[in-house]
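Asks: The primary structure of each chain is shown beneath.
Number of protein chains: 2
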Amino acid sequence: MDVFHYDSVKAQNVEMEGASKIKVRWLITKEMGAKNFAMRIFEIEPDGHTPLHKHPWEHEVFVLEGEGEFFDGEKATPFKFGDVVFVLPNELHQFRNSGRVLLRIICLIPYTKE
Amino acid sequence: MDVFHYDSVKAQNVEMEGASKIKVRWLITKEMGAKNFAMRIFEIEPDGHTPLHKHPWEHEVFVLEGEGEFFDGEKATPFKFGDVVFVLPNELHQFRNSGRVLLRIICLIPYTKE
Chain R
25 MDVFHYDSVK AQNVEMEGAS KIKVRWLITK EMGAKNFAMR IFEIEPDGHT
75 PLHKHPWEHE VFVLEGEGEF FDGEKATPFK FGDVVFVLPN ELHQFRNSGR
125 VLLRIICLIP YTKE
Chain L
25 MDVFHYDSVK AQNVEMEGAS KIKVRWLITK EMGAKNFAMR IFEIEPDGHT
75 PLHKHPWEHE VFVLEGEGEF FDGEKATPFK FGDVVFVLPN ELHQFRNSGR
125 VLLRIICLIP YTKE
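In the order they appear, the protein sequences are chains R and L.
Converting from the first sequence to the numbering used here requires adding 24 to each position, the first position being numbered 1.
Converting from the second sequence to the numbering used here requires adding 24 to each position, the first position being numbered 1.
Everything labelled a hint here was simulated from the structure, so no lab data went into it.
A quick note: this is a predicted structure, and the numbers were derived from the prediction, not measured.
Mixed in with the good hints, there may be bad ones.
Pairs involving identical chains hold if they fit within one copy or between any two copies, as the list cannot separate such chains.
Derived lysine-lysine pairs resembling PhoX-like cross-links, with alpha carbons at most 25 Å apart [as the list claims (entries may be wrong)]:
1. LYS45 x LYS99
2. LYS45 x LYS59
3. LYS78 x LYS59
4. LYS34 x LYS99
Looking at chain R on its own, in the form it has when it is part of the complex (with noise of 0.2 Å):
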């Protein structure tokens, strides 16, 4: 068992071509014996994104602080504290702060990403 603050987990740069004013924090990881799925928190400035892309794996998020949206590649869908995101495998998909604070958010994502 462990407990944590998140904070006590360095916040890094995503250094993703597509990606602008975003850190994330390994809370939960493999190396701890996660062994089925990792989380994450992501730290997007005001005007930051993640890049808009897709993979074989899914999302499950949780909207912490601050507001934003959520790209489709078409439409954009607003969210803030209390929303929940759910990403299929496959869907094209882009979280950006719409807001004038910091947007936190967690992110899940499974080790079997096949």
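Following the hints, position chain L against chain R.
Replies: Here is chain L on its own, set in the frame of chain R:
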């Protein structure tokens, strides 16, 4: 893609033996297409708790609101908003509300429970 507020999902009483004053909202499930893991919120009233039990699958937990403690059968470890709790497979565990307001935690489990 699906975006919704967690309170749009019905909170159901948890009727397990050893559970007290606790409700669950199943937010992301296999019925929605989540094949690898499920996202739930547990809402525990003051003095309420989950069962003290263990099982062959892990928990990945994020504390959203309130104050509580993690009990491993011997020792109680306090937690609050922003804390992350990782429970390994087969670890004895209980989540307790030790505060005066509702305790709300996100708790994820794998569907690969072997």
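Asks: Does each hint fit the structure? Answer for all of them.
Replies: Here is how each hint holds up against the structure:
1. LYS45 x LYS99: Within one copy only: 22 Å inside, 41 Å across.
2. LYS45 x LYS59: neither (30 Å within a copy, 31 Å between copies)
3. LYS78 x LYS59: both (23 Å within a copy, 17 Å between copies)
4. LYS34 x LYS99: This pair counts as neither: shortest intra-copy Cα distance 33 Å, inter-copy 28 Å.
Checked against the numbered hints listed earlier, the structure breaks hints 2, 4; every other hint is satisfied.
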